[in-house]
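Chains as they are written, first to last, in this note's numbering: chain A, 1 to 417; chain B, 1001 to 1364; chain C, 2001 to 2293.
What the hints contain is simulated information worked out from the structure, not anything from laboratory work.
Treat the hints with care, as some may be off.
[Said to hold, decoys possible] The calculated lysine to any residue pairs, modelled on SDA-like cross-linking and capped at a C-alpha distance of 20 Å, are:
id, chain 1, residue 1, chain 2, residue 2
1, C, 2205, B, 1093
2, B, 1109, C, 2205
3, B, 1079, C, 2123
4, C, 2124, A, 402
5, A, 230, C, 2280
6, C, 2190, B, 1133
7, A, 407, C, 2122
8, C, 2151, A, 384
9, C, 2190, B, 1106
10, B, 1109, C, 2215
11, A, 23, B, 1062
12, A, 144, A, 87
13, A, 23, C, 2151
14, A, 120, A, 136
15, C, 2205, B, 1108
16, A, 23, B, 1018
17, C, 2151, A, 180
18, B, 1112, C, 2205
19, A, 129, A, 114
20, A, 30, C, 2123
21, A, 30, C, 2121
22, B, 1109, B, 1078
23, A, 308, C, 2205
24, C, 2151, A, 56
25, B, 1109, C, 2201
26, A, 77, A, 180
27, A, 102, A, 30
28, C, 2205, B, 1133
29, C, 2205, B, 1018
30, C, 2190, B, 1155
Only a predicted model underlies this, so the values are computations on that prediction, with no experimental measurement involved.
Single-letter residue listing:
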Amino acid sequence: MSSVDQNQTLMTQDGVPLKVSLKRSQRRSKMRAFMLVFPLLAFIFISFIVPIGSLFTRSVDDTLVNEVLPLTFEELKNWDGQDVPGEPMFAAMFMDLKNADKIQIGRVSTRMNYEKSGWKSLLKKTSRKMKNIDGPPYKEQMLKIHKRWGKVEFWQSLTAMKDPYTLGYYLNSVDLKYGYNKSIEQQPEKRQVYNLLWKRTLLVSLLVTVFCLLLGYPVAHLLATLPLSKSNLLMICVLIPFWTSLLVRIVSWMVMLQQEGVVNDTLVAFGLPEEWRLPMMYNFTGTLIVMTQILLPFMILPIYSVMKTIPPSYMRAAQNLGATPTLAFLRVYMPQTLPGIGAGSILVFIVAIGYYITPELVGGKDGRLIGNFIAFHMQNTLNWGLAAAMGVILLAGILILYWLYDKIVGIDNMKMG
Amino acid sequence: MGSSGPFVRYENVQKSYDGETLVVKNLNLDIAKGEFVTMLGPSGSGKTTCLMMLAGFETATHGDIMLDGKPINNIPPHKRGIGMVFQNYALFPHMTVNENLAFPLSVRKMGKADTEEKVRRALDMVQMGQFGDRRPGQLSGGQQQRVALARALVFEPELVLMDEPLGALDKQLREHMQYEIKHIHESLGVTVVYVTHDQSEALTMSNRIAVFDDGIIQQLADPVTLYEKPENSFVAQFIGENNKLSGTVGAISKGVTTVDLGKHGSIKAAAVNVSKGDKTTVSLRPERIEFSSKKPAASKPSLPAKVLELIYLGDHIRCRLDVAGNDEFIVKVPNSSLSADLKPGVKGHVSWKTEDCRALDFVG
Amino acid sequence: MALPIYATTGQKVWHYTYLTICAFVLFFLIAPLIVVIPLSFTSGVFLSFTPEMLSLDPEGFSLKWYKNMLGMCNDPSIKTMCSDKWKTGAINSAIIAVAATALSTGLGTVAAIGLSNPLMPFRKIIMATLISPLIVPLIITASGMFLFYAKVNLIGTYTGLILAHAALGTPFVVITVTATLSGFDRNLVKASQNLGANVFTTFFKVQMPLILPGVISGGLFAFITSFDEVVVVLFMGGPETVTLPRQMWSGIRQEISPTILAAATCLVLISILLLTTLELLRRRNERLRGITH
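Bound-form chain A, shown alone:
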């Protein structure tokens, strides 16, 4: 191959420069490929990406309060934040509450209660008795309805909600909150739960990853070194649980581990005193045991597929060069399995950190993880902003780990079964 003269452009037969015509046909080809992908891309975008995006917006959205209490927030700008505000502020608050309907007040009071507990009952009572007030001065009459109107902390807590967006939910997710004028401060002692929860989630994921590695590595090695007919048989023990419904596996563990379960029955049959039956379910231990069993295949399969590619000649060569089997294993075999270990560990950790079903059913009180609290806030307290913020933090962590996974093994190499 040689380069064509600089001053001579290659032409096609119809006189178009070749480069142009090549580009054109490539573009057509690209377009055709893209049109094939487009329907799915659009589908995933609408049914999945946009919903995830709505978590983002929900986690910072604070428009509700601003829409319902516009006059109050306008007035709040002029307030020094030191003493209980004067008549104009009370008037603004009164007008805002009067203009809002019942549902709106319900929602707003829930939102305001996240910042300062007490708002809910305050607004409820006020709006119920507001019809008794027929004109100014409002301050006096409102103070009569509820004495909390006279407490400066309540007015100060309003400043945390003054913008249409907020990072308050993120702060709440890590046991912080907005104080006066969006200064950041610690949550009061009794409301601090989330830092513990994050730590526990990380701890559980880490422990489960370590257990999976310790248990999975020897099995992967056995499967990779046994002759195919035998290893296929043992592989079934790995694949059947992998393919079985999560709930079925949880049910089966309940049968095994509960107080009157198979494990305890067996132990008792072997002489364990009845009153010493081990508590293995509905606690931290239960979460660990069940999650380890459920996630074990995610560890075994990647390590196995890496080990499968290591020819036995390496171990033979090492031993031929004078290394003991142990040394040969540690210095020659093990380093080659590191990509598998890395892939398996990250995979198990990623899946474990977002777990919800398992801890919910077998975790009891001290086995609940961040996922359970997201569900709790989504379904019970309806504090969607907080749930969304926790979800976004979790998601960000997972994406970082996933990026790492991509660096180590590549997305394209993701294997299943």
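Once you've looked at the hints, dock chains B and C against the given chain A.
Chains B and C in isolation, oriented as in the chain A frame:
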């Protein structure tokens, strides 16, 4: 049918993949009906591209390709009716051998009875009659090769292309298949265009060989001419073994020149595409050289030589010598004419006939 | 794996320890599932082996929990809830899973064909987007979908669940079909054209049969994903769309009875069936590619 003109014609064909470099530069090639033409060359020389353009999987950037007198640039591959054997056979793995062979017939809407008859005949031709119900995965490499050949021929194309079809086979099987392909070609009379990088394959089978390098046909000739009378150093080097000596072309008369080898003296050589004063590489085939410990007659071109190494190869002995400063100078001595005085360290002379010594273009 | 003759005592001890560990882990993986199966045939009402069962007395076994699961409620010894909820659950699951699988397999296969084109622009980022439903934890997906689908009134509808499950299933289809296509010999397409077949014949006679195993296994992955899924159903399902896992979930939370074990046994059998199908497909695929055992 244009029986007067050539069957396949490449006319000023150029091909570029990126718009900057030409993989095929101004190719002109005529192939007659019934001919077996091989495109021979190293990888990247443009030979496969030429084949793919003929099959229709690549389009020429410039120029025309004619089949039977008609340009085929705008005919899609599936309407060209050209048979092809692919490098890795490209047998459809989900179809049996019979189904593979029936495929081109069924897309041509041939009746069931005719199809069966043709498939049977094609398989018998390559001695694969009893394997019709197997799948390609159950066949050996050689058997797959035969099936691929049968599939390319079953719809009776007038032109068959073969893209390194024997590349994946071991040496013995490859040689055997060479003869089979040659015989099939002879008995069917189809035109074959064959691509390979293996010179012995090309020499065995072809009527004519086009040696490709750098997107250009370096020489187009029958095997004998190609081997005996290479037109340039590339061809001399690529086909067969070759000893090289560097020198300067002297006066030329009647196609014979005297090449000045500098301090090593001068020799007579056939001048090929060189003129006086050019630097030249002189080419000498190892089997056309004689070694003798005595100085040969002055009329015979010769140079002093020293034996460095002998390698016994059964039918002949490879003898490495130091000649005119080239210590990789090889002479093939037939087993029968081995003499006792041929030993490492012995000094003597190498000699040859003038017409076996060709002064070609200079290569560094 | 056998030990050489010259192995030292230490090596022997270690070797048997290693085998014991492996045996324990494999037991740990499979035992819970095995325990469930005999227990689902208990004639008792507790989730533990009765003495009759342990002595293999036929009296200790019965099909009554299976009858209970199927809504045959004439057994007076059963006090737990008995209704045809399991049956409707199974039907709902099947409807949703089949529809979601059809959607994800169709879209996923076509997209995989586009993605395997070497000229495909932004290949990597598009691939990452298409696989993302597999990476994002279900609880996050479910929360996001709940917030968004509520706005478009799809909560509690079949449509909502089908769309959601289809999104969860597509990554499997895309991954398996792309993998199958990457092993696809492009020369086969050329060969087919050379032998006279046009684009459509080539696609349906050559390309499609060869990638079909990949499409089917991707579809099976998608099916089982939908069929077993419970988190999204918990968030987005309504009283009309109670699926089998959803039914199981409430069963577990309220009162875990042997009926649940009967359902679990059925699900284990379904997964064994799927696994076998997948394995057969894999073997067929390997055989087609000439990898013979």
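Of all the hints numbered above, which does this structure not satisfy? Sort the numbers upward. 3, 6, 10, 13, 14, 17, 19, 23, 27, 29
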